[in-house]
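There are 2 protein chains.
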Amino acid sequence: MKKKADVIERCDCVMIHEDTIDRVRKNMPPEETLYDLAELFKVFGDSTRVRILWALDESEMCVCDIAALLNTTQSAVSHQLRYLKQAKLVKNRREGKTVYYSLADEHVKQIFDQGLDHILEDGK
Amino acid sequence: MKKKADVIERCDCVMIHEDTIDRVRKNMPPEETLYDLAELFKVFGDSTRVRILWALDESEMCVCDIAALLNTTQSAVSHQLRYLKQAKLVKNRREGKTVYYSLADEHVKQIFDQGLDHILEDGK
DNA sequence: CGAACATATGAATAGTTGCTCATGTGTTCA
DNA sequence: TGAACACATGAGCAACTATTCATATGTTCG
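Going down the list, the protein sequences come from chains S and U.
Counting in the numbering used here, the first sequence runs from 27 upward without gaps.
Counting in the numbering used here, the second sequence runs from 27 upward without gaps.
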């Protein structure tokens, strides 16, 4: 059947459940949305960034404070803060020589809590 | 002061807010927990895996179906499914030659929804 | 058993990423 | 103005990752 060949371009199997595929496809968000979603979670997928975000959820902090807290370098923290700012998850304000960072999104803690649920639940 | 030198090993700045750092440190979860949390989000940080998980939230599917739906190869899907299974996010059952995968965790959709909130909110 | 099919997996590769190191920018203060 | 400090940033590198390709495993059926 020609239709099948059109739909399945890269799968080397014979399609088994075409109705399922069509139904699922209809209910899926646009591919771009899922791509953006993955990009967001990529931000949370690094322990340095997770620790920074968790710290900022506790208190506004300057770059030097964060570096000391995480026992890493100022440069590494600064690079990650730039990343986090691009993702609109943190904001900053300057006060003299010091730049204070804080959370820019109230979802962060909620997302963390959902993730913790998973981790703690099955004792992984 | 000697104490400062002990605390700040890798930060090349003079510590400014020692009280803030101490307070935040007390309220932070153990480092291992935050590491595990980052590992979990790393799973969600890839659009192929996000699409697989979203699809499985709609319906149980076999490997071939998923590959056709995502327009990718059976091998790529199979590799990612292994990853997802290790993360305890999917489970599978065999029925003859076919292996059906489904979600193993009801948190997945909730975590996705939280993430979507962030994306849609500020029109990123 | 052997062919056909669905899936799994190991090795190789191209692309990505997080850190370090060196240096640049912006601010304060003497 | 220039030294000192906090922070930002570009280049380079080592480590990781997602896919592809080839092949192996497991199942059904004639």
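Treat each hint with caution, since some may be false.
No copy labels: a pair is met if it fits in one copy or bridges any two.
25 Å max Cα-Cα, derived PhoX-like pairs, lysine-lysine [said to hold, decoys possible]:
{"#": "1", "residue 1": "Lys111", "residue 2": "Lys123"}
{"#": "2", "residue 1": "Lys123", "residue 2": "Lys68"}
{"#": "3", "residue 1": "Lys117", "residue 2": "Lys135"}
{"#": "4", "residue 1": "Lys135", "residue 2": "Lys52"}
{"#": "5", "residue 1": "Lys111", "residue 2": "Lys68"}
{"#": "6", "residue 1": "Lys117", "residue 2": "Lys52"}
{"#": "7", "residue 1": "Lys52", "residue 2": "Lys123"}
These are calculated hints, taken from the structure and not from any lab test.
Every value quoted in this text rests on a predicted model; they were computed, and no experiment measured them.
Structure-based check of each hint:
For the identical chains of this complex, Lys111 and Lys123 are intra-copy neighbours only, at 19 Å inside a copy versus 48 Å across copies, given an alpha-carbon limit of 25 Å. Within a single copy, Lys123 and Lys68 get their C-alpha atoms no closer than 31 Å, and across copies no closer than 35 Å, so neither meets the 25 Å cut-off. Proximity of Lys117 to Lys135 under the C-alpha cut-off of 25 Å is restricted to the intra-copy arrangement: shortest distance 16 Å within a copy versus 28 Å between copies. Only between protomers do Lys135 and Lys52 lie at most 25 Å apart by alpha-carbon distance; the minimum there is 17 Å, versus 32 Å within a single protomer.
Proximity of Lys111 to Lys68 under the C-alpha cut-off of 25 Å is found in both arrangements, the shortest distances being 14 Å within a copy and 19 Å between copies. For the identical chains of this complex, Lys117 and Lys52 are inter-copy neighbours only, at 24 Å across copies versus 38 Å inside a copy, given an alpha-carbon limit of 25 Å. Taking identical chains as interchangeable, the C-alpha atoms of Lys52 and Lys123 are never at most 25 Å apart, the minima being 53 Å within one chain and 27 Å between chains.
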